[in-house]
Amino acid sequence: MSGKGSKNTRSTVQTHLRPIPHAEAPAPSEPAGGLPTLPGTASTQVDLDVPSLKLELLASLKSDIAEIFKTELQETLERALAPIKNDLQTGKIQTADFKVKAEAAISEIKTTVGEMEQALTVCSEDVATMRNLIKSQPPGERPRAIICRCHHYKDCVDILRRAKELKRINVEDFNIAVFPDHIAKTAKARAAFNDVRRRLRDIEGARYGLLYPARLRITNNGVEKEFVSAEEASSYVKTLANG
Numbered sequence: 083m084s085g086k087g088s089k090n091t092r093s094t095v096q097t098h099l100r101p102i103p104h105a106e107a108p109a110p111s112e113p114a115g116g117l118p119t120l121p122g123t124a125s126t127q128v129d130l131d132v133p134s135l136k137l138e139l140l141a142s143l144k145s146d147i148a149e150i151f152k153t154e155l156q157e158t159l160e161r162a163l164a165p166i167k168n169d170l171q172t173g174k175i176q177t178a179d180f181k182v183k184a185e186a187a188i189s190e191i192k193t194t195v196g197e198m199e200q201a202l203t204v205c206s207e208d209v210a211t212m213r214n215l216i217k218s219q220p221p222g223e224r225p226r227a228i229i230c231r232c233h234h235y236k237d238c239v240d241i242l243r244r245a246k247e248l249k250r251i252n253v254e255d256f257n258i259a260v261f262p263d264h265i266a267k268t269a270k271a272r273a274a275f276n277d278v279r280r281r282l283r284d285i286e287g288a289r290y291g292l293l294y295p296a297r298l299r300i301t302n303n304g305v306e307k308e309f310v311s312a313e314e315a316s317s318y319v320k321t322l323a324n325g
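Numbering-wise (my numbering), the sequence shown opens with residue 83 and increments by one.
Some clues are possibly wrong.
The calculated DSSO-like cross-link candidates involving lysine-lysine, where the alpha carbons are at most 27 Å apart (straight line), are [to be verified]:
(1) K249 - K267
(2) K307 - K246
(3) K192 - K167
(4) K270 - K307
(5) K152 - K167
(6) K270 - K246
(7) K307 - K320
(8) K307 - K267
(9) K136 - K152
(10) K144 - K167
(11) K270 - K236
(12) K249 - K236
The calculated label-pair distances, taken between Cβ atoms and stated as ranges, are [claimed, not checked]:
(13) D255 - A227: 55 to 61 Å
(14) G287 - K236: 30 to 36 Å
(15) K320 - V195: 51 to 57 Å
(16) A210 - A178: 35 to 41 Å
Just so you know, the hints here were simulated from the structure itself, not pulled from any lab data.
All residues carry an ideal CB built from backbone N, CA and C; glycine is no exception.
Please model the entire structure based on the sequences and the hints provided.
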């Protein structure tokens with residue numbers, strides 16, 4: 083009895099433990115390493131990688147934007163500063179050229195000043211010598227001739243013009259007459275016009291002048307003539323005198 087009951091009991095247990103047929107559950111996916119992935123592990127890894135990926139992307143974008151901005155800024159500055167750089171280079175060249183010219187001009191001025199100082203020193207010595215000669219000349223003696231050589235021709239012309247305007251120059255009771263110094267040939271050619279010039283003084287309205295080296299210019303009633311021959315000038319003066 084008991085044995086039969088035990089058999090029935092075992093049969094009943096086996097019948098209750100028999101699994102009910104249903105859809106098979108998918109096999110859990112294995113990772114590349116061969117280990118099974120526990121439920122919830124994949125979603126946890128994705129949640130952890132997204133912030134890291136964002137940080138990497140932001141860092142990469144920042145680096146790329148900074149590099150692009152740097153390149154663009156550098157090119158823009160180079161384009162903007164290129165004309166200024168060229169102007170500065172041109173100004174530098176012009177300044178160097180001006181410096182060279184200024185130094186040359188200053189050197190020339192220094193040379194001229196040195197020559198003027200030397201000339202003034204010689205003139206001062208000549209004036210002192212002339213003054214001593216004038217003081218040492220006995221009364222009634224024939225005037226002493228002194229030749230003065232000017233450094234510039236314009237100075238000589240100015241001296242002769244002033245002497246002609248003053249007509250008489252008195253220095254410490256001495257009379258000084260100033261005449262142009264010419265070679266003998268020129269002096270003789272100029273002296274040939276003395277008679278013509280003397281006759282021109284008596285003709286009203288006639289003006290004349292003796293030009294270098296020996297040319298007589300006569301102006302009468304707006305008509306101007308020049309003569310290098312004293313005979314031709316004399317004939318012309320006769321026609322003026324006869325009216």
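Verification of the supplied hints:
For the proposed pair K249 and K267, the alpha carbon gap of about 26 Å is at most 27 Å, so the pair holds. Between K307 and K246, the direct Cα distance comes to roughly 23 Å. Compliance with the 27 Å bound is thereby established for this hinted pair. Between K192 and K167 the CA atoms are separated by roughly 37 Å; this puts the pair beyond 27 Å, and the hint is violated. Note on K270 and K307: the hinted pairing holds, with a Cα-Cα distance of about 21 Å set against a maximum of 27 Å.
Between K152 and K167, the direct Cα distance comes to roughly 21 Å. Compliance with the 27 Å bound is thereby established for this hinted pair. Between K270 and K246 the CA atoms are separated by roughly 21 Å; this keeps the pair inside 27 Å, and the hint holds. Annotation: proposed proximity of K307 to K320 holds, straight-line Cα distance about 14 Å (limit 27 Å). Proposed proximity of K307 and K267 is supported: the alpha carbons are some 23 Å apart, at most 27 Å.
At roughly 24 Å between alpha-carbon atoms, K136 and K152 fall within 27 Å of each other, so this suggested pair holds. A threshold of 27 Å between alpha carbons decides the hint, and for K144 with K167 the separation of about 33 Å lies outside it, so the pair is violated. For the given pair, K270 sits about 24 Å from K236 by alpha-carbon distance, which is consistent with the 27 Å threshold. This hinted pair checks out: K249 and K236 have alpha carbons roughly 20 Å apart, not beyond 27 Å.
Separated by about 19 Å at the C-beta atoms, D255 and A227 break the suggested range of 55 to 61 Å. For G287 paired with K236, a C-beta distance near 31 Å keeps the hint of 30 to 36 Å intact. Between K320 and V195 the CB atoms are about 55 Å apart, so this pair conforms to the stated range of 51 to 57 Å. The hinted window of 35 to 41 Å between A210 and A178 is violated, with their beta carbons roughly 48 Å apart.
In summary, the structure is inconsistent with hints 3, 10, 13, 16 from the numbered list given earlier, while agreeing with the others.
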